[in-house]
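Trainee: Below, each chain spelled out in residue letters.
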Amino acid sequence: MQGIQLDLISEAKISQMASMEKVRYIIDEVRKGKILVLEKGLNPMEEAKLIEMTMSAIQPDVFSGIEMQSYPANADTSLLGKFFKKQSSKRLTVIGPANQLKTLKKDRNLISALVSASK
Amino acid sequence: MNMIKRFKVSFSKIFNKLFKKKGACIGIYGPPNAGKTTLSNRILRDWVGAEETMGSVSHIAHETRHAKRRNAVAIEANGHTISLDIVDTPGLATKIDFHDFMEQGLSDVESKKRSKEATEGVIEAVKWLDDLDGVILVMDSTENPYTQVNVTVIGNMEARNLPLLIVANKVDLPNADPAVIKEAFPQHPMVPVSALEGIGMDSFYEALAKQFG
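In order, the protein sequences belong to chains W and Z.
Each residue of the first sequence is one higher than the one before, counting from 1 in the numbering used here.
Each residue of the second sequence is one higher than the one before, counting from 1 in the numbering used here.
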């Protein structure tokens, strides 16, 4: 059976890795054509590092980058929330090769994506 | 960010205010084609001189492929003059495909060159995040604001406890809907503008002075 491998990665697995390990792991897996769904995503600095390393990995006709979608952080607009500036929690994230994963719709609580087998 | 780090950032802000640190360094961020360079050019035209520009603009994405800095831009608003160093950054993206440039009419060679330079530009923009005092995040108000670039930039500013101003650009277009941007990120101030037409710029400068002054 031909298809696309979808890996659902638990928070426990990803939290055992150092930041660079996470980013390296994600890029390596995505370059193999896998779609990754992280139970709890990366922190904002790790997301920025992932973007940076993705750019270094781009090669014409071989790898054009990643499609990555995570929900925006839950905003605490209360007075106490603004005062204490509570660190936003990480939320589910989906990452895949840009030529195989296309976001159709995204809002605060929904990510709708199309996964394509053809590159 | 842990408590000690947050305390250090807060102390640094108070210290800088007390001793009047000159020229907070503000990065202009956003996805490609959101109008970052158009906004930068508008700021320079309004406060530096008609002949000054930050860079060229184009309908083809990734026209800005190197960050450009203009120091000591003096802006008058809310009865004060603030001095800002403005950094216009290349558009952030998670993918760059040279075929997209070919569809815009560029040759194979030009497209591959632009693609390579664009990837370098994104890396440069990400690295700049470590050296800024705040960010103006430009969004196209005709587009869905829930993009990963927007989420990542906002997350980085929140994690660093640095000020952020969201600009809902292109409000001159008929399908612009800046209210959607406000609804998406209600925890941050947002100003609707058209950098191209100069609409909403007074409100923008007032918000700029309030956030970064």
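No lab work stands behind these hints, which were simulated from the structure alone.
Accuracy of the hints is not assured; some may be wrong.
[Said to hold, decoys possible] Straight-line alpha carbon distances no greater than 30 Å define the calculated DSSO-like cross-link-like pairs of lysine-lysine that follow: (1) K40/W / K106/W; (2) K32/W / K113/Z; (3) K32/W / K182/Z; (4) K34/W / K113/Z; (5) K102/W / K210/Z; (6) K34/W / K112/Z; (7) K112/Z / K127/Z; (8) K32/W / K127/Z; (9) K13/W / K113/Z; (10) K34/W / K210/Z.
[To be verified] Below, a sample of chain Z positions facing chain W; criterion: calculated Cβ distance under 8 Å: (11) L106; (12) S115; (13) W128; (14) N144.
[Said to hold, decoys possible] Among chain W residues calculated to face chain Z with C-beta under 8 Å, some are: (15) A18; (16) S19; (17) M20; (18) A48; (19) V62; (20) E67.
Just so it is clear, CB atoms sit at the ideal spot from N, CA and C, and this is done for glycine as well.
Trainee: Hint by hint, note whether the structure agrees.
Mentor: Checked hints:
no.: 1; hint: K40/W / K106/W; in the structure: holds, 17 Å
no.: 2; hint: K32/W / K113/Z; in the structure: holds, 25 Å
no.: 3; hint: K32/W / K182/Z; in the structure: violated, 38 Å
no.: 4; hint: K34/W / K113/Z; in the structure: holds, 28 Å
no.: 5; hint: K102/W / K210/Z; in the structure: violated, 39 Å
no.: 6; hint: K34/W / K112/Z; in the structure: holds, 26 Å
no.: 7; hint: K112/Z / K127/Z; in the structure: holds, 23 Å
no.: 8; hint: K32/W / K127/Z; in the structure: holds, 27 Å
no.: 9; hint: K13/W / K113/Z; in the structure: violated, 39 Å
no.: 10; hint: K34/W / K210/Z; in the structure: violated, 46 Å
no.: 11; hint: L106; in the structure: violated, 13 Å
no.: 12; hint: S115; in the structure: holds, 7 Å
no.: 13; hint: W128; in the structure: violated, 11 Å
no.: 14; hint: N144; in the structure: holds, 7 Å
no.: 15; hint: A18; in the structure: violated, 17 Å
no.: 16; hint: S19; in the structure: violated, 13 Å
no.: 17; hint: M20; in the structure: violated, 15 Å
no.: 18; hint: A48; in the structure: holds, 5 Å
no.: 19; hint: V62; in the structure: violated, 11 Å
no.: 20; hint: E67; in the structure: holds, 7 Å
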